[in-house]
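Student: Just so you know, we're using my numbering here: the sequence shown kicks off at 9 and counts up by one.
Honestly, I wouldn't trust all of these hints.
[What the hints assert, rightly or not] Below, a list of computed lysine to aspartate or glutamate pairs in the DMTMM-like style, where the Cα atoms sit at most 25 Å apart:
{"hint": "1", "residue 1": "Lys44", "residue 2": "Glu159"}
{"hint": "2", "residue 1": "Lys143", "residue 2": "Asp53"}
{"hint": "3", "residue 1": "Lys591", "residue 2": "Glu227"}
{"hint": "4", "residue 1": "Lys152", "residue 2": "Glu120"}
{"hint": "5", "residue 1": "Lys591", "residue 2": "Asp520"}
{"hint": "6", "residue 1": "Lys205", "residue 2": "Glu243"}
{"hint": "7", "residue 1": "Lys591", "residue 2": "Glu673"}
{"hint": "8", "residue 1": "Lys61", "residue 2": "Asp147"}
{"hint": "9", "residue 1": "Lys694", "residue 2": "Asp682"}
{"hint": "10", "residue 1": "Lys61", "residue 2": "Glu159"}
{"hint": "11", "residue 1": "Lys143", "residue 2": "Asp177"}
{"hint": "12", "residue 1": "Lys191", "residue 2": "Asp238"}
{"hint": "13", "residue 1": "Lys644", "residue 2": "Glu616"}
{"hint": "14", "residue 1": "Lys635", "residue 2": "Glu673"}
{"hint": "15", "residue 1": "Lys145", "residue 2": "Asp128"}
{"hint": "16", "residue 1": "Lys39", "residue 2": "Asp69"}
{"hint": "17", "residue 1": "Lys44", "residue 2": "Glu70"}
{"hint": "18", "residue 1": "Lys39", "residue 2": "Glu70"}
{"hint": "19", "residue 1": "Lys694", "residue 2": "Glu673"}
FYI, nobody ran anything at the bench for these hints, they're computed from the structure.
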Amino acid sequence: MSLFQRILVFCLVLLALALQSVQAQTSGWVKASHLKAQLVSDHQDVRPGQKLKLALHFIPDEHWHTYWQNPGDSGLATSIAWTLPAGVTAGAIQWPAPAAISVPPLVNYGFEGPTILVSDLTIPSDFSGSQLQIKAKVDWLVCKEICIPAEASFALNLAVTQTSVVATDYLQLFEQASQRQPKPLQLQGRYGVQNQKFSAVVQMPEDLKVSAFFVAATELVDHAAPQQIDWLDGELLLRQQQNTYFNQAPASFDLVLNTAAGPVLLQLQHESATQTSEPIVANFSLLDWMVMLALAVVGGLILNLMPCVFPVLSLKAVSLVNSQNSAQHTKAEALWYSAGVVLSFVLLATVLLAFRAAGQAVGWGFQLQNPLVVGSLAYLLFVLALSLSGVVQLGLGWMDSGQQLTQHQGYKGSFYTGVLAVVVASPCTAPFMGTALGYAATQPAFAALAIFAALGIGMALPFLLLAWWPGFSSWLPKPGLWMEKLKQWLAYPLYLSVVWLLWVYGRQQGLDALALALTGLVLLGAACWLWGQLQLQQAGKVSGLFALILLIGSVGLLWYPEPGAQQLKKTDHAEVWSEQRLKQLVQDGQPVLVNMTADWCITCLVNERVALDTDSSKAAMALYNLKYLKGDWTNKDPAISNYLRQFQRDGVPLYVLYWPGQPPEVLPQILTPDSLRQALEQLSSKQPLITRQ
9 MSLFQRILVF CLVLLALALQ SVQAQTSGWV KASHLKAQLV SDHQDVRPGQ KLKLALHFIP
69 DEHWHTYWQN PGDSGLATSI AWTLPAGVTA GAIQWPAPAA ISVPPLVNYG FEGPTILVSD
129 LTIPSDFSGS QLQIKAKVDW LVCKEICIPA EASFALNLAV TQTSVVATDY LQLFEQASQR
189 QPKPLQLQGR YGVQNQKFSA VVQMPEDLKV SAFFVAATEL VDHAAPQQID WLDGELLLRQ
249 QQNTYFNQAP ASFDLVLNTA AGPVLLQLQH ESATQTSEPI VANFSLLDWM VMLALAVVGG
309 LILNLMPCVF PVLSLKAVSL VNSQNSAQHT KAEALWYSAG VVLSFVLLAT VLLAFRAAGQ
369 AVGWGFQLQN PLVVGSLAYL LFVLALSLSG VVQLGLGWMD SGQQLTQHQG YKGSFYTGVL
429 AVVVASPCTA PFMGTALGYA ATQPAFAALA IFAALGIGMA LPFLLLAWWP GFSSWLPKPG
489 LWMEKLKQWL AYPLYLSVVW LLWVYGRQQG LDALALALTG LVLLGAACWL WGQLQLQQAG
549 KVSGLFALIL LIGSVGLLWY PEPGAQQLKK TDHAEVWSEQ RLKQLVQDGQ PVLVNMTADW
609 CITCLVNERV ALDTDSSKAA MALYNLKYLK GDWTNKDPAI SNYLRQFQRD GVPLYVLYWP
669 GQPPEVLPQI LTPDSLRQAL EQLSSKQPLI TRQ
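Sequences are here, hints too, so could you generate the full structure?
Tutor: Printed below as a string of C-alpha cells:
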C-alpha cells in the first residue's frame, strides 16, 4: 500500500469516527410532507444517575405551523411515545410559548418556523448497560390552508460511561429552546367559570404589562373571543368567554402570560381546589341581585299569560267573582292564593337546589319529567274540571258544617289553587324569567330563594291588585245567574289541559300506558259522579265506598312498570341534538340552530308550530344552509341539563343560533314567525358565510 493510500484510509477512518460521534447525538433528519424533524441529545456520552435533555427539532416549510399542548379551536397537539430501557424515565414536553394563529373564524395556538420541544430523561444510578437505546414515536399535525397529519419514529444510541460528555455541537440548539420557553413564576393563581365566562385572579405584586394569555386546558375558553386583562392593587384579573363545549373545569392547568419582559408560566388552581366558598370574580353583587329581583317579578307577572297557566287561573277568576260583595273576603282569598304561589315557588327552588348540591342534573320543570307526576296532575285537573261542570262539589263536607267552615275551606282552596298554578306553570318560562332562574342557580341559597319568591310575587300580583285596589275591583261584573254558566264554561280549558298532560304521559310511557291512564280517567269520572250523588243525598254510603274503590283503582293504573318513551327521530327538517354533532357542525363552520324543547312545554310546542315549522322558516334555513338540531328534555337528560346551564337557563324553551365567527346568540323565548329569519339576516350582515373547499 502506497503512502497516499495509507493517508486516504486514515482520513476515511477519522471521517467515520466523526460521523459516528455526530450520529450518536442525533437521530438524523426525518423528512415528511412540509416538515422535517430530528431527535437530538444534549450529551453524546452519559453516565448512570444522570439527567439529560432530548429535543424534538421541527423545521416546517414557510408559513406552515404545528400546535401547542392546547391547539385552540382546531388542530392537534404533538405527542411523543417513548420506548426506553428499564428504569429510565422521560418527563413531559417542555412547551415553548405559543402564538395565536388566526384562521377566521377560529383561533389556534401553535408555532410557525423552527420549533424545539424539550423533554428531560432520567437514568437510574444502578443502570448497568453500556448503551442507552432511546426510541420515540412522534405524532404531529402540520397546517397551512390544509392540515396534514404525520408520524415518525426516531432512535438514539448513547454510550454509557463513567463520565458524561456534552454534545457541544448542539449547545446552541438547547440554548434557543431555553430562551423560547416561558419563565416559571412562583405566583398564586386561581380561576373559576361562571356566567359563561372564564375568570382568573393572580396575586401579582407588580404590573408585568401582560398583553395576552394562553390557557393550556382545552375546551375551557373561547379562543377567538376578546381577552380582558386588568391589573389592580396587586392582582392580575383575566377574563374570557367560556368555550361553547365547556364540560368540566380541571383542578389545575398551566397558564402562559405574554409580558413586556417576555413570556412567563404559572399554574392556576380551580377555586374549589383552593377551598374558596364564593366565586373569585363573579361574587354576589347587591346591584345585580336587585336587578334580577325586578326581572323575576316581571317574569312572574308575564307567566300568567303563558298557555301552561291560563286554564288554572279560571279557578281563581270564579273565586274572585263569587266574593264580589265582600271586600274583606276578597283580600283574604288573594293573600291565601299569593301565599300558595310564593311558598310553592320557594319549595320547588329548595328541592331543586338540594338536588344540585347532591350532584343531580335537574332544572326548572323537573317534576314533569316524572310520568307519575304528569299522570297524577292530569287526574287532579280532571277532578277540578268536573267540579266546575257541577258533577262534584269540592270544598263541601258530607253535611252542612256552617258558614265559618265554608269560609275557612274557601281560604284553603285559594291557597291550593296557588300551589296548583305553580305546579302547572313550571313547564313554562316567561320572558325575563329564564334570565332570573339562570342567575339564581349560580348564587348563594338565600339570594336564590329570594329570586324564586320574587317570581311568585309577580305571578300573584294581578290578584293582589284586584283585591286591594278598589279601582281594579270595580272592573269585576256584578254577581248573577250568569256566574254558574261562566263557571261551567271555564271547565273546558281544564279539560284541554288534561288532554295535553295525557299526551305528554303517552309520549313518556308509550301507548299501552296511555290506554291504562285513560281507563283510570273513566274510573275517576265515575267516582266523582258517585261522590256528587252522595253530596246531593241521592245515594247511600255504599256508593261512597264504591267511589273510593274506583278512585284507588284509577290511581293504581298510573303505576306502569315499563316506560316506553318515544325518542325524537331525525327528519328532513331537524335532527337529534348531541354534543358531538353540534361540535362537529360548529368546527366545520356550519350555521346551526339548537332547539331545546319538551313535550310538556306548551310554549315550546306553540313556538315550533308558529315560528319554526313554517314554510317561511324552512325556506330561511335552506337559504342560509342552516342545520337544525332538537334536544328532547321531556324525560330527564343530564346532557341537556348541562347544556341549558351553559346559557344560564334552568328550563325550556331555549333557542341558540350558532353563526361562524360570532358568539352563540340566544333567541327570545317567545318567537314570532319572523324571529328566525331576522336573526339570520342580522348575523349574515355581520359575518358573511365563507364556503370551504
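Student: Compare the structure with each hint and give your call.
Tutor: Okay, the hints, checked on the actual structure:
{"no.": "1", "hint": "Lys44 / Glu159", "in the structure": "holds (11 Å)"}
{"no.": "2", "hint": "Lys143 / Asp53", "in the structure": "holds (17 Å)"}
{"no.": "3", "hint": "Lys591 / Glu227", "in the structure": "holds (11 Å)"}
{"no.": "4", "hint": "Lys152 / Glu120", "in the structure": "holds (10 Å)"}
{"no.": "5", "hint": "Lys591 / Asp520", "in the structure": "violated (37 Å)"}
{"no.": "6", "hint": "Lys205 / Glu243", "in the structure": "holds (18 Å)"}
{"no.": "7", "hint": "Lys591 / Glu673", "in the structure": "holds (16 Å)"}
{"no.": "8", "hint": "Lys61 / Asp147", "in the structure": "holds (20 Å)"}
{"no.": "9", "hint": "Lys694 / Asp682", "in the structure": "holds (19 Å)"}
{"no.": "10", "hint": "Lys61 / Glu159", "in the structure": "holds (22 Å)"}
{"no.": "11", "hint": "Lys143 / Asp177", "in the structure": "holds (21 Å)"}
{"no.": "12", "hint": "Lys191 / Asp238", "in the structure": "holds (21 Å)"}
{"no.": "13", "hint": "Lys644 / Glu616", "in the structure": "holds (21 Å)"}
{"no.": "14", "hint": "Lys635 / Glu673", "in the structure": "holds (15 Å)"}
{"no.": "15", "hint": "Lys145 / Asp128", "in the structure": "holds (16 Å)"}
{"no.": "16", "hint": "Lys39 / Asp69", "in the structure": "holds (11 Å)"}
{"no.": "17", "hint": "Lys44 / Glu70", "in the structure": "holds (12 Å)"}
{"no.": "18", "hint": "Lys39 / Glu70", "in the structure": "holds (15 Å)"}
{"no.": "19", "hint": "Lys694 / Glu673", "in the structure": "holds (13 Å)"}
Checked against the numbered hints given earlier, the structure breaks only hint 5 and satisfies all the rest.
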